[in-house]
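S.K.: Residue numbers for the sequence shown follow the UniProt record's numbering, so the first one is 1 and each next one is one higher.
Hints are all accurate, no fakes.
Within a straight-line C-alpha distance of at most 20 Å, the following computed SDA-like cross-link-like pairs (lysine to any residue) qualify: (1) 170 - 133; (2) 85 - 45; (3) 85 - 65; (4) 170 - 152; (5) 170 - 129.
Please keep in mind that the hints were generated in silico from the structure rather than gathered at the bench.
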Amino acid sequence: MRKLGIIPARYKSSRFPGKPLIEILGIPMIIRVANIVADALGKENTIIATEDNRIKKLVESYDFQVVMTSENCLTGTDRVWEVAKQIKADIYINIQGDEPVLDPRDILKIAEEKVNFPDYVINGMIDIGSNEDPNNINIPKVLVNRNNELIYMSRLAIPGKKEQTTDLPKYKKQVCIYAFSYNDLKAYGEANGKAEYEKFEDIEILRFFDFNIPIKMVETSRNSLAVDVIEDVANVERYLKGQS
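With the hints as constraints, model all of the structure from the sequences given.
M.R.: This is the structure:
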């Protein structure tokens, strides 16, 4: 069974142009992520999907495979669909290129969950850290049922609170590792546009609700430190220095 790890890497980010190329302790972020994926799945099963020749040139200099994708991809998952149309695999794993401290074992865990639950899209989640603000719109919050099936994901703090008490819900956030089948990606990529709620939330996984494809969330082992804005780079560097 081939498990293909695909890292969407878009240069023209509206919030952070050139983000994949930003250096973290001297190593470009996209290369840090690619090394994590290679540790989990092997370098031969690690692909960077990009629309930009600067990213292509960099990752090829580190001997990673690149697939050039359209500049018109609406999301990273649309970019993964473009790769799936060209390269055959049993499971396609989308690893966001702005998650430079992921644990390779979590990639394998999510891939295995897809094997066990082939009719579900699989995604990662973890408790929001005590130093993180649930009201931060850069952090997608996750609401699941007792079987860890996704009910909804939002940039708002969910679940909400009716009473003004000091008690807080147990907030969870998304970790951007996803596992798909070819048919999952085909339904997504041929949708010809974002779902209405996906458009407003800017959370790409929500589109699967339109196709009645259920989503199972998996607890990951390590806190996620995504680089959403340039200020996040310093946080990641402090974390990595603490691990060394």
